[in-house]
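Visitor: Sequence:
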Amino acid sequence: MKRGVVYMVGAGPGASDLVTVRGRELIEACDVLVYDYLVYHELLNWTKPDCEKIYVGKRSGFHSKPQSDIEDLLIDFAKKGKTVVRLKGGDPFIFGRGGEEADALMDAGISFEIVPGVTACLGTAAYLGIPLTDRRDSSAVVLITGHEDPEKSESTVDWSNYARLDATLCIYMGLTRIEYICEQLTNAGMDSDTPVAVVRWATLPEQESCIGKL
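Numbering that gives the first Met the number 0 puts the first residue of the sequence shown at 0, with every later residue one more than the last.
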C-alpha cells in the first residue's frame, strides 16, 4: 500500500482565483478533501469525480466536529494510503489551527506539507484599496485574533499595548465583539478619529464593508 500524505492547503481569502497554483493542483489530484466553513463552494468543483469530500467547518456557536476528531480523520485517511488535502480558509498557519493539526500529524508519524495561502487581511486590503503599510502613517502590521480560545485561563491579547503602536491592526474574527474591541482601544488612548474598515466575506461577490472611524 502506498504511503499516505496530508497537504494542508490555504484556500486564500475567499475568491477562487486567489488560490495558489500549487493549491489548485493538489485539490484537483487529492483522494480526500477535508474542508472548512470559510472555503468558497466553487473550489469543491475542482476535485476529481471519485474524491471524498468531508465538511468539518466551524463557525460561531457551531462546530461540525471537535478539533481532535478532525486530526484523527486526517491521520486515519493517511494511514490508509490516501492523498489528503486539508483545505483551510486563508493561510493554514494564521488563526486556522494549522499548528495543532501539524503537531498531531507529526506525533502520528504522518508525512505532511504546508501550502501557504493568501491570508484574509491581505485580500481584504487589496480589494478595498487600503495599503497595510505606508511610510507616512504605518510602519508595521499586527495580526490579532478577535476570538481567543475560550478554554484559555486568561486573555493574552493586550489591547492597551496595540493601541500605542504605530501600526495597522488587522483583527480577525472580531465582528461579534466589535463594540468591546473599539472600547478597549479607545480606553487605552487610541484616537477615536482613527480610520477603520469593517469587512466580511472579503473578495467574494457577497463582500460587505463599512468604512468609518473608531
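Hints are computed from structural coordinates only; laboratory data are not their basis.
Check the hints yourself; a few may be wrong.
Distance ranges between label pairs, derived from CB positions [unchecked claim]:
hint : residue 1 : residue 2 : range
1    : A187      : K79       : 18 to 24 Å
2    : S67       : S208      : 49 to 55 Å
3    : T132      : K47       : 38 to 44 Å
4    : D71       : P194      : 41 to 47 Å
5    : R135      : G80       : 16 to 22 Å
6    : T193      : D71       : 20 to 26 Å
7    : T155      : S208      : 46 to 52 Å
8    : G80       : E41       : 26 to 32 Å
9    : D133      : D68       : 26 to 32 Å
10   : N160      : D71       : 23 to 29 Å
Using 20 Å as the maximum straight-line C-alpha spacing, the simulated EDC-like pairs for lysine to aspartate or glutamate come out as follows [said to hold, decoys possible]:
hint : residue 1 : residue 2
11   : K47       : D68
12   : K1        : D16
13   : K1        : E51
As the structure is a computational prediction, the values presented were derived from the model and not from experiment.
Beta carbons are placed, not taken as given, at the ideal position from N, Cα and C, and that holds for glycine.
Visitor: Run every hint past the structure and note whether it holds.
Guide: Do the hints match the structure? See the list:
1. A187 to K79: 18 to 24 Å: Given range 18 to 24 Å: violated, Cβ gap about 52 Å.
2. S67 to S208: 49 to 55 Å: Distance hint for S67, S208 is violated at roughly 36 Å.
3. T132 to K47: 38 to 44 Å: Because 41 Å falls inside the window, the suggested range holds.
4. D71 to P194: 41 to 47 Å: holds, 45 Å
5. R135 to G80: 16 to 22 Å: violated, 55 Å
6. T193 to D71: 20 to 26 Å: violated, 44 Å
7. T155 to S208: 46 to 52 Å: violated, 29 Å
8. G80 to E41: 26 to 32 Å: holds, 29 Å
9. D133 to D68: 26 to 32 Å: Given a distance of about 44 Å, which is not inside 26 to 32 Å, the answer is violated.
10. N160 to D71: 23 to 29 Å: Since the Cβ atoms of N160 and D71 sit about 38 Å apart, the hinted range of 23 to 29 Å is violated.
11. K47 to D68: The given pair, whose Cα atoms are some 25 Å apart, is violated under the 20 Å limit.
12. K1 to D16: Distance ~32 Å between K1 and D16 Cα, so the pair is violated.
13. K1 to E51: Satisfied, since the Cα-Cα distance of roughly 18 Å is no more than 20 Å.
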